[in-house]
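Following the hints, complete the assembly by docking chain B onto the known chain A.
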Amino acid sequence: MGNAGQKKRRAVIVGGVRTPFVKAFTDFVELSTIDLGVAAVRGLLERTGLPYKDVEAIVWGGVILPSASPNVAREIALDLRLDAACEGMTVTRACASGLQAITLAAAAIERGEADIMVAGGSDSTSNAEVKLPQKVVHAMAPLALGKPTPSDYLTVLSKLAPFTDLLPEKPRIAERSTGEVMGEAAERMAKRNEITREAQDALAVRSHQRAAAAIASGRFDDEVVALKTPDGRWVHGDGLVRADSSAEKLAKLRPVFAKDGTLTAGNSSALTDGGAAVLLMSEEKARSLGRKPLATISSWSYVGVDPSDQLLMGPALAMPKALERAGLALRDVDLVDMHEAFAAQVLSVLKMLKSAPFARARLGREEAVGEIDPERFNVHGGSLALGHPFGATGARMVTTMANELARTGKRSALLGICAAGGLGAAAVLERVEG
Amino acid sequence: MGDLLLDVAASPQARAFIKSLGLPIPLPERLAREPGPWTASPLHDRTVLVGATRGATLVGVLAECLGPAGADPFVDGPAELLAPFVAPGETFGRPARAASALGERAKVHGLVFDASGVDSPAELRGLYDFFHENAGKLARSGRVVVLGRAASDATPAHAAATAALEGFIRSFAKEIGRIGATANLVLVEPGAEARVPAVLRFVLSPRSAFVTAQPIVVSKRARGATEPVLVRSLEKKTALVTGAARGIGNATARLLAQEGAHVLCLDRPADEAATSQLAREIGGTPLLVDMSAADAPTLLVEAARARGGIDVLVHNAGITRDKTLARMSAELWDQVLDVNLGAVIRTTEELVNGSLKDGGRIICLSSIAGIAGNVGQTNYGASKAGIIGYVRAMSERLADRGITVNAIAPGFIETRLTAAIPIAIREVARRMSALGQGGLPEDVAQAILFLATPGAQGITGRTLRVCGGSLVGA
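If you read the sequences in order, they're chains A and B.
Residue 67 in our numbering sits at position 67 of the first sequence; the count goes up by one each step and never skips.
Residue 1353 in our numbering sits at position 353 of the second sequence; the count goes up by one each step and never skips.
Extracted from the complex, chain B is given alone in its bound form:
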């Protein structure tokens, strides 16, 4: 499971030695992470350089977000761009300064560009200018965020420009991955502006270490409060996590508990020891259920009722039974489809009727395999792509109840599952990502936690990739 290259890269001497050999060995950057509970100012003392196109409409939202979140804003642009930053800057002691005030060799933790004013390809030039000028200022494990308007009823030219932003982000993410930096696009639907700051707090923080190269759409579709709780936001809430005994499920249960949630830790009866130990450690409740059993939905509903309902449902349990299609038995096909998709649908249908509270969260684990496909994973890929379709449809059905439904698609994550992959393939898979390394279960858990918080009310029906910018999954 250990990543030798990552360890080598951590030593300056070894780094210098390998570089001096001139070998084409990519040395991945050790990613900055934030393991503790969410604080009121997750961007504490992080410098963020802001730019915008003409006619940009999200600068105000950005200014209102950065000061309270603890960031020190610098602004690259005309003087009027500074105006929205004045009041929040004064209030929180985070006065915005002109980019010229940055030292010659100063690095910034974030580059944020408001491209919401772009409605034709020609206006994309501002995007090029800003990043061409400032890309070199980005610190290790830095963050690039481009803000745009979701193209719904726009002109074809606007739609083209918005899609272009996505392409830009994907490629730029690959270029800055070697310094551990990420790039994401936040697309805002009209009327969803108030829901943007919480999303920015996540994508600009070290919590989104392995989330890169993708659009994140913020909508007002799911009903709910717009002033989210920021600290201990899951207090008095109950979360159900399936497959909690180890790996991503285990990390997720721990993070949810850290924010105050009572976690029902579900895993197979065979994993009783690990499940019970986890539940003891985080003050949760162990729940030993075989998700593919016929009585699983009933048992889950009973457990939920005992807590007076649940607020967060994380479908993490899943299996792989890899074989190329020609060699795959019907049994392997059925098993994977049933555990990964059938059981998710059966239990969810039961739980949404009276057990999952309004304003709740459903988060289902998909996979990059469900997006890009993998040899030997027709069954797994089908089940994980099925999840993407399921959350899209369910999000519509539950939006009026304020429930958001999303999928998380992990890429190569260092777990027991991926440790079993033959070393040669494993090495390739790791290095395929923009960040040149595998993610940790905690990285996926952080993304799940974010979607579980009240701040993620604007995200529903979507699939968030936690893949380090790769398209190889497991």
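Just chain A, with the same shape it has in the complex:
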């Protein structure tokens, strides 16, 4: 990887788009994860003008997968009537699913499995399936699967009694291993890393202001495709960004995860619906088609940390690892883009990156990874402002950073994403010359 790749095949990012990101249970409530994926990929192919038959494969990331058709990638290809030979796979790595799909596609291209692939992700949090308790499912099985007799119905009734725990379960983003809701984990991280409410709110305000500025300046116009809802309305832009966000306004919000806590709806990312897709090609193919490669993925890294400790600390380990693999130091990279699940989590990770004791104990190196200049950090806002449709976030970040490198002529960008289960993800993008 890196500059050694003159002769080696390398995958390049040729383009990327996303749907508008909107708050769950609003404009996209009728659109499923697959619909959002279809919209993103259709938009990508329209914007890039790539003939449908040229897509060899789709890799898709998602978190809340539809249980009747979990291979979203293949469903997208079929719904869009891409070539029947366009194969598809769907991956899940919690909030890092979108990035995972992209790095898998890059690896496949670099191995010579394909020349042109689409990768991305989508999630419709509005359509999280409401589950029946397993007790009901198991008791009902004889009725659903056989030819039930009246006595079967009685048996089922007797199995279900007492009827107190039969209500459908409310979906919640809780860790399976610890039972802790993600916001509670982030709340504990804020306390343990001594991250103040003010610092969290300030980060959130900056995120909103930068995202609003990007929207106002038309910076996102190339990246966002309008989407028509089933009731015929067009949604053109992101729904969560508040240009008028301010520290005073955020300070009024009440903590949501703990009575004496510091996390509020304002400094936590919201449940969001949306999709994003990236077009990857082998560099050779891109050049032969006369397309300008925006960036290449020099390295990536996925890590795990103990979810009962600091659930969302993964990027503090993944980002240095990805940098090392790319042969870069933090000070060498021009841009840093981090997924903002919670301001507290972002600030905790940043604090660890600039901590020498952390570097010594957890990374086995003498010096801190480094401090990140706010001017290079999340330059067009992040998930706090834009929202976080789980599977789409990684593809959104890759798209925005690849475009940023191509537009500004800067050399490199570091991405970092935290994810449920104590996972961390990171990648280094580098601009492709010429």
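Treat each hint with caution, since some may be false.
[Stated by the list, open to error] In the DSSO-like style, the derived pairs of lysine-lysine whose C-alpha atoms are separated by at most 27 Å in a straight line are:
| id | chain 1 | residue 1 | chain 2 | residue 2 |
| --- | --- | --- | --- | --- |
| 1 | B | K1174 | B | K1220 |
| 2 | A | K259 | A | K191 |
| 3 | B | K1137 | A | K259 |
| 4 | A | K285 | A | K410 |
| 5 | B | K1174 | A | K191 |
| 6 | A | K259 | B | K1174 |
| 7 | B | K1323 | B | K1236 |
| 8 | B | K1107 | A | K191 |
Derived from the structure by calculation, the hints contain no laboratory data.
Only a predicted model underlies this, so the values are computations on that prediction, with no experimental measurement involved.
Then chain B, alone, in the frame of chain A:
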């Protein structure tokens, strides 16, 4: 076997009722325990309040231990006492706070006092001040640990002060036993500092539920690595446990297997069913041998060779044949001495020659009866005291090979053996301990497991009591 008082005490209503009667019935506290495998942070989210005397030298070791182990440290003392906690606190998100940051009614899981600076009785006043001030903050099943310097070449005044620490711990353990809390003294020999954190992880965790009122000496005597493996630490290791069919041996075999060890489960041929079932459940190998038979050492060596040697040897098999000395037949004397001591020595001598690997562990079951003595147990008491002498001598012999040799002295443990004791005596024996109850086989097994782990490299030649602070044993 059931402890009625413990069950009664578990119910708040029953507790209140008994208290309202004003009867002098001690209601024991149900002890917090940790049955699962060791984790990298065994002190996860436990708050620990730290104090120290002037000139204390172990605060740094303590600070380096608590953060990684998952504890939230609070510090009671001058600002400079906080300094060693800053870096580990930042690294692991466990920043040390001043004791004043604790809420008015907040409880802490641990009180740790570094008394390593004490070298005269007058300086013990700091010990009094810290615990007098903070004892009320100790949570149920809490832990008290005092750190000191082992007095080897010190002045007589230092020796007196160190011994005083031991006396303090013994009495304090009795006072806090009623809330299920324990108190122990960790004495550190010069150069053994790096071996202290693993010991603290044990004594500050719920795994040491029945270990209280005693000194634990950490030395650099046994050669070996100082950076111990913390999780699945017995992976790829083989352990031999005698008397594994039931009780303490059974619990020990299960815990060793849980940390990844392959366990050779040894018991008498008569106990084949129970032994085989255990071995099946934990993926070990049953080994049916009568330890008192002449060919036992040979059979053990063969079994060890078949595994390419063993790493952990637990001598747990033992018998009682109680009679007052006047009524004791020579046969009863011989039987007990041979099974409990003779067989241990015979088999160990064979196994240390080529079968027990360097860096290995020998753990022999002694008993409080071997320390305090019991009526009707001259034979048993002699054999169990003999074990204490044996491990002391063997530890010296094997130290250069990195092998540690220790004894475990259980007090009143709820087993088949103690269930056979007449109820009146049994009740008294249970309540004699500082914790007001009998221990469980798992409590002893946890202590054995700890000594078997790489983290216990600093403990050798010693006898660890698992008695809940009692001096009545069986």
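### Message
Under the constraints set out in the numbered hints, which ones does this structure not fulfil?
### Response
1, 5, 6 and 7
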